[in-house]
Amino acid sequence: ARGSIRLVKRTPELDILFEPFVRFWDIEDSKTTTDPGGTRWLEPNNETMEIGAKLAAQF
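Taken in order, the sequence shown gives residues 3 to 61; the numbers are from this note's numbering.
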């Protein structure tokens, strides 16, 4: 899931953008794989949240 809100300040010379955002991942266990040495590997399930902001100027 993801969400953001873009705020724009327009001027005759340029536009200034500020866009705070949040991204969320809920990832299940991966499939098990086996390497050539016989070791089995699994990426465990995890949840990740990313929060940030974009700042930009458009000329």
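Read the hints as simulated data drawn from the structure, not as lab findings.
Glycine residues also receive a C-beta, built at the ideal position from the N, C-alpha and C atoms.
Warning: the hint list may mix true and false statements.
Unchecked claim - List of simulated lysine to aspartate or glutamate pairs, DMTMM-like, C-alpha gap at most 25 Å: (1) Lys56 - Glu15; (2) Lys11 - Glu21; (3) Lys56 - Glu21; (4) Lys56 - Asp17; (5) Lys33 - Glu21; (6) Lys33 - Glu49; (7) Lys56 - Asp28.
Claimed, not checked - If you anchor each label on the Cβ, the simulated ranges turn out as follows: (8) Gly54 - Lys11: 39 to 49 Å; (9) Glu49 - Lys11: 33 to 43 Å; (10) Ile29 - Ala55: 20 to 30 Å; (11) Thr41 - Thr13: 25 to 35 Å; (12) Ala59 - Phe26: 27 to 37 Å; (13) Lys11 - Thr35: 43 to 53 Å.
To see whether the hints hold, each was checked on the structure:
no.: 1; hint: Lys56 - Glu15; result: holds (20 Å)
no.: 2; hint: Lys11 - Glu21; result: holds (12 Å)
no.: 3; hint: Lys56 - Glu21; result: holds (5 Å)
no.: 4; hint: Lys56 - Asp17; result: holds (14 Å)
no.: 5; hint: Lys33 - Glu21; result: violated (36 Å)
no.: 6; hint: Lys33 - Glu49; result: holds (17 Å)
no.: 7; hint: Lys56 - Asp28; result: holds (23 Å)
no.: 8; hint: Gly54 - Lys11: 39 to 49 Å; result: violated (19 Å)
no.: 9; hint: Glu49 - Lys11: 33 to 43 Å; result: holds (35 Å)
no.: 10; hint: Ile29 - Ala55: 20 to 30 Å; result: holds (24 Å)
no.: 11; hint: Thr41 - Thr13: 25 to 35 Å; result: violated (59 Å)
no.: 12; hint: Ala59 - Phe26: 27 to 37 Å; result: holds (29 Å)
no.: 13; hint: Lys11 - Thr35: 43 to 53 Å; result: holds (50 Å)
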